[in-house]
Amino acid sequence: MGLAEDFIPIVIFIIVGLMFPMVMVFVSSLIGRQKKPEPDKYLTYECGVIPTGSAWMQHNVEYYMYALLFVVFDVETVFLYPWAVVFKKIGIFATIDVIIFICVLAFGLVYAWKKGVLEWMNGGASWR
Amino acid sequence: MLENILYGASGVENGLIRGIVGVIATLLFVSLNVLFLIWLERKIIARIHVRYGPNRAGRYGMLQPIADMIKLLTKESIVPKDADKITYNTAPWVAFLFALLPAAAIGIATGLISTNISVGLLYIVAVSSLSTIAVIMAGWGSNNKYSLLGAMRTAAQSLSYEMPLVLSMIGIVAIVGSLNTQNIVAAQSHAWLGIIPKWFIFYQPLAFVVFFSAVVAEMGRIPFDLQESESELVAGFHTEYGGMKFAMFMFAEYTHLVVGSALVVTLFFGGWYLPVVSGIFANMGYINYIVQIAIFVAKMYVIIFILIWIRGTLTRTRINKMLSFGWKTLLPLALINIVITGVILSL
Numbered sequence: 000m001g002l003a004e005d006f007i008p009i010v011i012f013i014i015v016g017l018m019f020p021m022v023m024v025f026v027s028s029l030i031g032r033q034k035k036p037e038p039d040k041y042l043t044y045e046c047g048v049i050p051t052g053s054a055w056m057q058h059n060v061e062y063y064m065y066a067l068l069f070v071v072f073d074v075e076t077v078f079l080y081p082w083a084v085v086f087k088k089i090g091i092f093a094t095i096d097v098i099i100f101i102c103v104l105a106f107g108l109v110y111a112w113k114k115g116v117l118e119w120m121n122g123g124a125s126w127r
Numbered sequence: 000m001l002e003n004i005l006y007g008a009s010g011v012e013n014g015l016i017r018g019i020v021g022v023i024a025t026l027l028f029v030s031l032n033v034l035f036l037i038w039l040e041r042k043i044i045a046r047i048h049v050r051y052g053p054n055r056a057g058r059y060g061m062l063q064p065i066a067d068m069i070k071l072l073t074k075e076s077i078v079p080k081d082a083d084k085i086t087y088n089t090a091p092w093v094a095f096l097f098a099l100l101p102a103a104a105i106g107i108a109t110g111l112i113s114t115n116i117s118v119g120l121l122y123i124v125a126v127s128s129l130s131t132i133a134v135i136m137a138g139w140g141s142n143n144k145y146s147l148l149g150a151m152r153t154a155a156q157s158l159s160y161e162m163p164l165v166l167s168m169i170g171i172v173a174i175v176g177s178l179n180t181q182n183i184v185a186a187q188s189h190a191w192l193g194i195i196p197k198w199f200i201f202y203q204p205l206a207f208v209v210f211f212s213a214v215v216a217e218m219g220r221i222p223f224d225l226q227e228s229e230s231e232l233v234a235g236f237h238t239e240y241g242g243m244k245f246a247m248f249m250f251a252e253y254t255h256l257v258v259g260s261a262l263v264v265t266l267f268f269g270g271w272y273l274p275v276v277s278g279i280f281a282n283m284g285y286i287n288y289i290v291q292i293a294i295f296v297a298k299m300y301v302i303i304f305i306l307i308w309i310r311g312t313l314t315r316t317r318i319n320k321m322l323s324f325g326w327k328t329l330l331p332l333a334l335i336n337i338v339i340t341g342v343i344l345s346l
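Residue numbers (numbering that gives the first Met the number 0), protein chains in the order written: chain A, 0 to 127; chain B, 0 to 346.
Calculated directly from the structure, the hints in this document are not laboratory data. Do not rely on the hints blindly, as some may be mistaken.
Distance condition first, Cα-Cα at most 30 Å in a straight line; then the derived DSSO-like pairs of lysine-lysine [unchecked claim]:
1. B:Lys80 with A:Lys40
2. A:Lys114 with B:Lys84
3. B:Lys84 with B:Lys70
4. B:Lys74 with B:Lys84
5. B:Lys70 with B:Lys80
6. B:Lys327 with A:Lys34
7. B:Lys197 with A:Lys34
8. B:Lys327 with A:Lys40
9. A:Lys88 with B:Lys197
10. A:Lys35 with B:Lys327
11. B:Lys80 with A:Lys87
Only a predicted model underlies this, so the values are computations on that prediction, with no experimental measurement involved.
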């Protein structure tokens with residue numbers, strides 16, 4: 000099989016993966032009971048009381064530093080995969096290269112660790 | 000007939016036919032497993048808790064998942080009036096799609112794979128990590144505080160555990176020299192002295208520990224099920240969903256379980272090979288296929304049983320402890336594993 004031919008099944012998977020839930024939700028809407036609409040039924044759930052305000056407010060994303068670090072590491076991981084695939088053909092020279100590469104990566108991790116990036120930023124030390 | 004189907008599926012060169020046969024077979028395989036798993040999980044958890052579990056519908060309550068499915072089908076679909084309609088309604092589709100896609104590159108026997116792409120492993124990782132998007136969509140679209148918190152936690156969780164997951168597989172890729180799942184299983188098909196299998200769990204024990212923990216976290220199961228921790232967030236990101244849309248999330252979650260355990264079996268437990276048994280049936284035509292599928296499914300269920308056992312035994316961790324575990328324990332271990340593997344292989 001050619002390279003393009005290999006990916007045709009994936010396209011079919013995407014099509015079916017999109018169609019299947021559509022069909023199921025459609026079937027459900029046909030046989031599902033639609034009872035009379037009551038206003039309370041369409042309220043957002045908040046433990047049975049009337050919701051206070053919207054959930055779309057300013058939210059403290061406490062792990063944004065993890066996210067930044069993740070981007071750095073994820074990009075560098077991509078470089079390790081080609082190395083792993085051709086590893087046997089290149090041999091010892093590539094291993095030394097990759098060990099240096101991982102040392103840089105590990106140094107970055109240690110630096111972030113010491114800087115306190117790997118702590119959950121809850122705005123107080125009460126959790127620890 | 001059966002022979003034709005089996006050989007047809009494994010030997011067909013035409014991508015279109017292969018895809019259509021593959022997607023039907025995958026959907027059947029996954030849905031049957033999901034239906035069985037819902038019952039199995041409830042039953043095993045119940046026995047661990049010294050309860051009976053479902054025992055009304057059918058023998059041992061085995062028809063309970065089907066009863067549940069019919070119930071969900073006939074439910075009224077309620078969309079909260081404050082929700083973002085487009086995001087709210089499309090999130091279950093996205094969840095289902097990205098749960099199903101990784102199954103395309105996982106085979107259950109020699110040649111029985113929907114698409115034998117050479118970048119199989121990379122494709123699986125890339126696609127399965129996209130399912131976080133569905134969770135974020137559901138959490139934000141619902142306009143519910145619990146959903147939003149659950150979705151935020153999921154994002155943190157999958158960010159942190161994707162690194163160890165991806166890095167722990169590099170050792171295996173280096174040993175095999177290929178990302179193709181068929182090649183990875185074939186590399187584990189031999190045995191020492193004819194009985195001790197050459198599975199990668201013996202070559203890469205450290206990688207297995209890291210990978211298994213990361214898989215549990217990526218699937219969002221106890222002890223890492225913070226995304227839908229019932230006792231604090233109601234149901235997490237799918238609090239506002241009901242009926243068929245809830246069923247789609249449920250289906251996606253159990254598909255993750257099936258695909259995740261299949262991946263563990265493929266990578267670390269020799270896929271469809273058992274030392275003695277595979278040798279006996281090796282030249283027996285379609286019987287060989289059936290034996291291979293049976294071996295694969297049996298191994299898969301051992302992994303699934305362990306996962307359910309963990310769920311019945313452990314408690315939930317706290318979010319900051321969980322993220323620390325991912326970054327401060329698993330990630331360094333995964334990096335050390337790469338260095339060890341590289342050094343040993345080049346000696």
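Hints and how they fare:
| no. | hint | result |
| --- | --- | --- |
| 1 | B:Lys80 with A:Lys40 | 9 Å, holds |
| 2 | A:Lys114 with B:Lys84 | 42 Å, violated |
| 3 | B:Lys84 with B:Lys70 | 24 Å, holds |
| 4 | B:Lys74 with B:Lys84 | 19 Å, holds |
| 5 | B:Lys70 with B:Lys80 | 24 Å, holds |
| 6 | B:Lys327 with A:Lys34 | 52 Å, violated |
| 7 | B:Lys197 with A:Lys34 | 60 Å, violated |
| 8 | B:Lys327 with A:Lys40 | 45 Å, violated |
| 9 | A:Lys88 with B:Lys197 | 22 Å, holds |
| 10 | A:Lys35 with B:Lys327 | 54 Å, violated |
| 11 | B:Lys80 with A:Lys87 | 59 Å, violated |
Comparing the model with each numbered hint stated earlier shows that hints 2, 6, 7, 8, 10 and 11 do not hold.
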